[in-house]
Amino acid sequence: MIGSKYISHIVDLLLDGDDLGRMAKYKIEYLTEESFEYTGVGVFVSFKHSIGIEQHKLAIDNVLINGLEIESTSLEVGAEASVSVNKGLIDYLEIWSYSGEYPTQELADYTLRQSWTNGQGREIIVK
1 MIGSKYISHI VDLLLDGDDL GRMAKYKIEY LTEESFEYTG VGVFVSFKHS
51 IGIEQHKLAI DNVLINGLEI ESTSLEVGAE ASVSVNKGLI DYLEIWSYSG
101 EYPTQELADY TLRQSWTNGQ GREIIVK
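Just so it is clear: in the sequence shown, position 113 is 113 by our numbering, and no numbers are missing.
No wet-lab data here; the hints were simulated from the structure.
Only a predicted model underlies this, so the values are computations on that prediction, with no experimental measurement involved.
Heads up, some of the hints might be wrong.
Using 27 Å as the maximum straight-line C-alpha spacing, the simulated DSSO-like pairs for lysine-lysine come out as follows [stated by the list, open to error]:
#: 1; residue 1: K57; residue 2: K127
#: 2; residue 1: K25; residue 2: K48
#: 3; residue 1: K5; residue 2: K27
The whole structure should be built from the sequences, with the hints applied where relevant.
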């Protein structure tokens, strides 16, 4: 299970859209953060998969699910996030800052907003 509330919120909103996202959303319970790679511009969060996820693989490969905007007092302009699905499994989450600078730690306050066309426009705000 994803331990970070911030990462969990991001993945939840990203996978709350089209049919592909909704199918992938059922895999969240099998994910745990394996590593965080802070790049200065953003962060890559790699996921470890728990036993049982193999039977729930999606019939897709090399797909990005995006459309989530991030605002925070820790970000100059804002950021965006996407989830990569490889070999039918959620592989990693990528977050990158529009300004080119991203903190080397998890954001304490944030607003997450679905921004894709025809999306529900859900938001999660943490102060």
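Hint-by-hint comparison with the structure:
Distance hint between K57 and K127 is unfulfilled; the C-alpha atoms sit about 36 Å from each other, more than 27 Å. A C-alpha spacing of about 15 Å is found between K25 and K48, which places the hinted pair at or below 27 Å, so the restraint holds. Of the pairs offered as hints, the one joining K5 and K27 holds, with about 17 Å between alpha carbons and a cut-off of 27 Å not exceeded.
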